[in-house]
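Asker: In order, the protein sequence lines correspond to chains A and B.
Counting in the working numbering, the final residue of the first sequence is number 481, and the numbers go up one at a time with none missing.
Counting in the working numbering, the final residue of the second sequence is number 922, and the numbers go up one at a time with none missing.
These aren't lab readings, by the way, just hints derived from the structure by calculation.
It cannot be assumed that every hint is accurate.
Claimed, not checked - Computed beta-carbon distance windows for the label pairs:
1. Tyr841/B / Ser169/A: 32 to 38 angstroms
2. Lys867/B / Gln437/A: 36 to 42 angstroms
3. Gln393/A / Asn758/B: 38 to 44 angstroms
4. Gln464/A / Gly821/B: 25 to 31 angstroms
5. Ser169/A / Asn758/B: 55 to 61 angstroms
6. Pro775/B / Asp189/A: 45 to 51 angstroms
From the three backbone atoms N, C-alpha and C, an ideal C-beta is built for every residue, glycine too.
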Amino acid sequence: MKNTTWLRTPALVISAAVMVVAAPAAASPARPASPRTLAALAEDVIVLKDGTRITGTIIEETDELVTMRIKVAGIAAVTTYARDQIASITRTSGPEEVSASKGPAIGSIARVAPKPTPAPDDGKVRVYVIPLEGVFGRDISQTPMRQAIADARKKGADYLIFKLNNDWSDGLLGGLGETELPDDMEAFDQLFRTEEIEPVITKEIPKEWEKQPRIVFWVRNAMGGGAFLPLISDTIYFHSEGRMGGIGGIAQLFEGIGDEVVREKQRSLRMGHAHGMAIQGGYDTRVVDAMARMDYVLSYAMVGGEPVFFERLPEGNHETLLSDNGMLKEYADAMEDRVRGRGNDVLTLKPGVARDLGISKGTVDTLDDLLFELEIHRNYVLIDGRAEDIMKQWRDGMHDYPRNLRRLWIEFEQIAVRGDFNERKKGRGAKMGKLRQIKRLCQKFIEAIDPRQVPPEGYPPISQVNLMIEVFKLQQLADQK
Amino acid sequence: MSGKMKQFPGLMAGVAMTLAAVLAPAALADDKVVMNDGRVFEGLIVREFEGWVWIKIGSGSLARTELLATADIELILRDEPNLQPEAEAEPRQQSETVAIASSKTPTEPAARTGSAERVAIITLGESGGKDMVGLYMTAHILEEIIPALKKENVDTVVFLINSGGGALLEIQRLSDVIQDKYKAPDGFRTVAWIESAISAAAMTAHCIEEIYFMPEGNYGACTGYRGPLIAMKDRELEEVVYMMEKVSARGGHDTEGQIMRAMQHFRYPLSCDINENGDVTWYQNEEGQHLVNPEGRILTFDSRTAAKYGFSGGTAKTLEELEKVMGLTEVEWVGRDTKGFFYPISRAEEINMRFRDKTYEDEQRTREYFTIYQAAIQLAEGEQDKKRRGKFVGKARSQLNAIVSMVRNNPNLALFVMNMTEDQFEQWVDDQRQLLRDLMR
Chain A
1 MKNTTWLRTP ALVISAAVMV VAAPAAASPA RPASPRTLAA LAEDVIVLKD GTRITGTIIE
61 ETDELVTMRI KVAGIAAVTT YARDQIASIT RTSGPEEVSA SKGPAIGSIA RVAPKPTPAP
121 DDGKVRVYVI PLEGVFGRDI SQTPMRQAIA DARKKGADYL IFKLNNDWSD GLLGGLGETE
181 LPDDMEAFDQ LFRTEEIEPV ITKEIPKEWE KQPRIVFWVR NAMGGGAFLP LISDTIYFHS
241 EGRMGGIGGI AQLFEGIGDE VVREKQRSLR MGHAHGMAIQ GGYDTRVVDA MARMDYVLSY
301 AMVGGEPVFF ERLPEGNHET LLSDNGMLKE YADAMEDRVR GRGNDVLTLK PGVARDLGIS
361 KGTVDTLDDL LFELEIHRNY VLIDGRAEDI MKQWRDGMHD YPRNLRRLWI EFEQIAVRGD
421 FNERKKGRGA KMGKLRQIKR LCQKFIEAID PRQVPPEGYP PISQVNLMIE VFKLQQLADQ
481 K
Chain B
482 MSGKMKQFPG LMAGVAMTLA AVLAPAALAD DKVVMNDGRV FEGLIVREFE GWVWIKIGSG
542 SLARTELLAT ADIELILRDE PNLQPEAEAE PRQQSETVAI ASSKTPTEPA ARTGSAERVA
602 IITLGESGGK DMVGLYMTAH ILEEIIPALK KENVDTVVFL INSGGGALLE IQRLSDVIQD
662 KYKAPDGFRT VAWIESAISA AAMTAHCIEE IYFMPEGNYG ACTGYRGPLI AMKDRELEEV
722 VYMMEKVSAR GGHDTEGQIM RAMQHFRYPL SCDINENGDV TWYQNEEGQH LVNPEGRILT
782 FDSRTAAKYG FSGGTAKTLE ELEKVMGLTE VEWVGRDTKG FFYPISRAEE INMRFRDKTY
842 EDEQRTREYF TIYQAAIQLA EGEQDKKRRG KFVGKARSQL NAIVSMVRNN PNLALFVMNM
902 TEDQFEQWVD DQRQLLRDLM R
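Can you build the whole structure from these sequences, using the hints too?
Answerer: Structure follows, in C-alpha cells:
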C-alpha cells in the first residue's frame with residue numbers, strides 16, 4: 001500500500017468516533033442522511049433533561065427505563081435511558097395521538113399519526129428472506145434461487161431480502177475451508193456465472209410477478225462473482241463485517257499469453273459486462289473499475305454528502321484513496337497489508353466506504369435492524385418460506401453429486417454383458433439405464449459445475465454418455481441369437 | 482467416416498431439389514377483407530397505414546393491389562401463423578376474425594390497429610452457449626425468417642442482441658443481409674437493442690443506425706484474433722479494419738469509422754466534441770473535448786457511455802421503455818406472450834429460436850452422428866447376410882439423415898464441423914448415399 005500523506009490519520013478517525021459517541025443523534029459525519037433515512041430516524045423522539053434530542057424507535061419501556069433503537073453513522077445500535085433523565089418522549093405510532101406541542105408532562109408519551117406503509121391484504125408488509133450461502137455459482141445457483149423466488153411469489157412477498165454470505169475460504173482452493181481467504185484473491189471471471197444467475201431476479205421477477213417486490217441485498221461476504229450480484233439492486237445493506245470484492249486482477253489477465261492488444265480486448269469486454277451490473281443498480285462504474293483493475297487510480301471526497309470521484313491520487317486530506325496503481329512497484333501493496341485486507345491495489349468495499357460511495361444504504365447486523373432501516377419494522381410479517389430448505393437441498397445435492405456420479409459409474413461398470421442372447425440384451429438394457437441415470441444427474445447440476453470440471457474425476461461428458469447409449473443400441477442390433 | 486467420393490449429378494440434383502423444397506418459404510397468406518357493401522377481397526395484406534389497407538390479390542404478372550379504406554371495411558379475416566406457445570396460451574385457429582380497430586395486447590398476435598407500428602423482436606444470440614456469431618447468429622437464418630416477418634406484416638424489426646462474438650467470416654454476410662434485405666426500401670425499420678454485443682456481434686450491429694441499449698448493455702471489444710490470443714496483424718488486420726470502415730458507413734455513427742477502429746485496436750484512441758445541439762464530432766486522437774478511449778485501450782461502450790456520446794438513442798430495460806425511446810406512440814408487438822420471455826414470440830422468432838435449439842443439439846451430438854454412422858457402415862461391410870446388412874445400412878442412413886438435417890438447418894456447420902464448403906458437403910452426401918446403395922447390392 002502506498003502511504004500517501006492524504007490518507008486519513010488514526011487521530012482523525014478517533015476524533016470522529018468521539019464525536020459520534022458524544023452526539024448519538026447526529027447523522028453520519030461523512031454523509032448526511034437521505035430524506036428517507038431522516039424520516040426513519042424521526043419516528044420516536046426522546047428529549048433528555050440536558051436538552052439532548054434523540055431520535056429512533058422505542059422498542060421497550062419499563063417504569064424506570066426506555067430502550068430505543070437508534071442509528072448512528074449508518075450503524076444501528078440499541079441504547080437505554082433512565083426515565084428520570086428524560087424530559088419528554090414523542091412517539092409516532094400507537095393508538096394515542098398527542099401533539100408534542102401540547103407540552104406533555106415529564107415522562108409522558110406524545111403520539112402522532114403512524115406513517116403509511118405498503119398495504120397488503122392483511123395490512124402488513126410481507127418479508128421473505130433467501131439465504132445465499134456456500135460457494136458462489138455452485139451452491140448459490142439459479143435453479144434453487146428460482147425455486148425460492150417462486151415460493152416467495154406464491155406466499156405474496158412484498159420484500160425479497162437476499163442474505164448474501166458466499167464462501168470465501170481456503171476450501172475453494174482445496175483446503176479445509178476453515179480459513180477465510182484474503183480480499184486480494186481474484187475471481188473476476190465468476191462475473192459470467194453471475195450473468196447466468198442474475199436474470200432470475202432482473203428478468204424473471206419483472207415478467208412473472210404482478211406486484212413487484214422490493215429487492216434487498218444484505219451483504220456479509222460478497223466476494224468473487226458474489227460481488228457483482230448485489231449490484232443489480234438499488235438497495236444494498238452491509239453487515240458490519242461485510243465485504244464486497246475479490247474481483248481484482250483483471251489488469252494481469254492472461255499475462256504471458258498471446259498479444260497485448262488481445263489481452264486488452266479481453267479486459268475491455270469484461271469491464272463492459274461489469275459496468276452493466278453496476279449500471280443496473282444505479283451505481284458509479286468507476287467503483288467497479290477500482291475493484292477490478294490494479295492499474296486504476298481512484299480517490300473520492302465527500303461533497304454535500306455525495307461522493308465526488310477523482311481518477312488520481314488524493315490531493316488533500318479531504319480526499320480518500322480507494323485504489324492506487326498497484327502495477328507500479330512503488331504503489332504495490334505489501335504482503336502484510338494484503339494478508340490483512342488493508343491493501344489498495346484494488347478496492348474491496350467495507351461498510352464505511354461502501355456507505356460513503358452510496359453502494360450501501362446502511363450497516364446492520366440483525367434482521368431486526370435491517371427491517372428498521374427499511375422502515376417496515378413496525379408493520380411486517382416474516383414469511384415462513386421454504387427458501388432455506390430449497391437452498392440446503394440444492395447444496396446437499398451439489399455436495400453429493402461427485403459421490404453419486406462415482407457410484408453410478410461403478411454400478412455401470414459392474415453390469416456384465418454376457419450369457420445367452422437374452423441375458424446380453426438385458427445387460428445392455430441395464431447399462432443403458434445406468435447411463436441415462438448418469439445423464440439425468442449431470443443435467444440436474446450442470447449449471448453449477450465448473451466447465452473445467454465437467455464431469456469431475458475424468459468421467460465422460462454428457463455427449464459421450466449419449467454416444468455410449470447409441471453404441472449399445474448398435475451392438476444390440478449387431479448381436480445374434 | 483467413409484471417404485469414397487464419386488460424382489452422381491442426378492442424385493446431387495435430387496438432393497438440391499429436396500433441400501430447395503424444405504427451405505422454400507411457406508405459401509403466401511390468404512387474408513380476407515369483407516367490405517361493408519358485402520364485397521370480399523382475398524389476398525395478402527401488404528400494408529396498413531392511417532385508415533388504408535393495401536391487399537395484394539393474385540400472383541405473378543397477374544397480381545394487383547387494391548387500396549381499401551378502413552371506414553368501408555366491416556372485418557378482416559387474417560391468415561395467422563400457427564404459433565405454439567410454451568404454456569398457458571389458449572389454442573388458436575389458423576384463421577381468426579379480428580376487428581379493424583380492436584385493441585391489441587401481446588397475447589393476441591397479429592391483430593392490427595389501423596395505424597399502429599407492428600414491431601417484432603428477433604433475438605440474435607442468447608445465453609446458455611447459443612450466442613456464437615456464425616453458428617447461432619447467421620445470415621442464413623436472418624434471410625430465412627424474412628417471409629415470416631412479411632407474412633406477419635411486421636413494420637419494424639428489433640434485433641435483441643446478446644452475443645459474445647464469433648466468426649469473422651460471418652460479419653460481412655450478416656451486415657449484407659441486414660443492409661440489403663432488412664433496411665431495404667421494402668424491408669423494415671431496423672433497430673438494434675443491445676444486451677451484449679461483443680466483438681463480431683458489435684461488428685454485425687454496426688450497420689444499423691438506430692441502436693438502443695439495455696441498462697446492462699455492452700458493445701465493443703472487436704479485436705480480431707485466433708488461437709491463444711494471437712492478434713490479427715499487418716494486411717490481415719488492415720483488411721478487417723477496412724471492411725468495418727465500410728460497415729460503419731452503413732450505420733452512420735461517425736464519419737470515418739473512428740468508433741469501430743477504437744474497438745478494434747488500441748492504436749486508435751477516440752475522443753469527441755459535443756456541441757450545444759448534442760451533435761458529436763469524433764476524433765481518432767485524444768484531442769477532443771471528451772476522451773472516450775485513450776490510446777492503449779480497446780473501446781467497449783456501456784449503456785451510459787453509449788448514451789452520453791450519442792452512440793445509442795437511449796436506454797431501455799422493458800418493452801414499454803423501448804417504445805418510449807423509439808418514439809413509438811402506437812405499437813403492436815407481434816407475437817404471442819410466452820412463459821419465460823419478456824417479449825412476444827412472433828412466428829419469425831419462433832423459427833429463429835428453433836434454428837438455434839437444433840444447432841445446439843446438433844453441435845452436442847455431432848460426434849455421435851459420425852461415430853455411429855461409421856460403425857454402422859463397418860458392420861454392414863462385414864455382414865454377408867443381406868437382410869442383416871440392411872439393418873446396418875438403415876442405421877447408417879438414419880445417421881446420415883441426421884447429418885444432412887444438421888447442415889440443412891445450419892449450413893455453416895459444414896464448415897465448422899467438417900471443414901467443407903456447402904458444395905463439398907453436398908458432394909460428400911451424394912457419395913455416402915451411393916455407398917449405402919452399393920452396400921445393398
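Asker: Determine for every hint whether it applies to the structure shown.
Answerer: Okay, the hints, checked on the actual structure:
Here the CB-CB span from Tyr841/B to Ser169/A is close to 36 angstroms, well matched to the stated 32 to 38 angstroms. About 38 angstroms separates the C-beta atoms of Lys867/B and Gln437/A, a value consistent with the hinted range of 36 to 42 angstroms. Under the hint 38 to 44 angstroms, the C-beta atoms of Gln393/A and Asn758/B, about 59 angstroms apart, miss the expected range. For the hinted restraint 25 to 31 angstroms between Gln464/A and Gly821/B, the CB-CB distance of approximately 30 angstroms keeps it satisfied.
One distance hint, 55 to 61 angstroms for the beta-carbon pair Ser169/A and Asn758/B, holds here, with the actual separation near 56 angstroms. At roughly 24 angstroms, the beta carbons of Pro775/B and Asp189/A sit outside the given window of 45 to 51 angstroms.
Hint compliance for this structure: hints 3, 6 are broken, all remaining hints hold.
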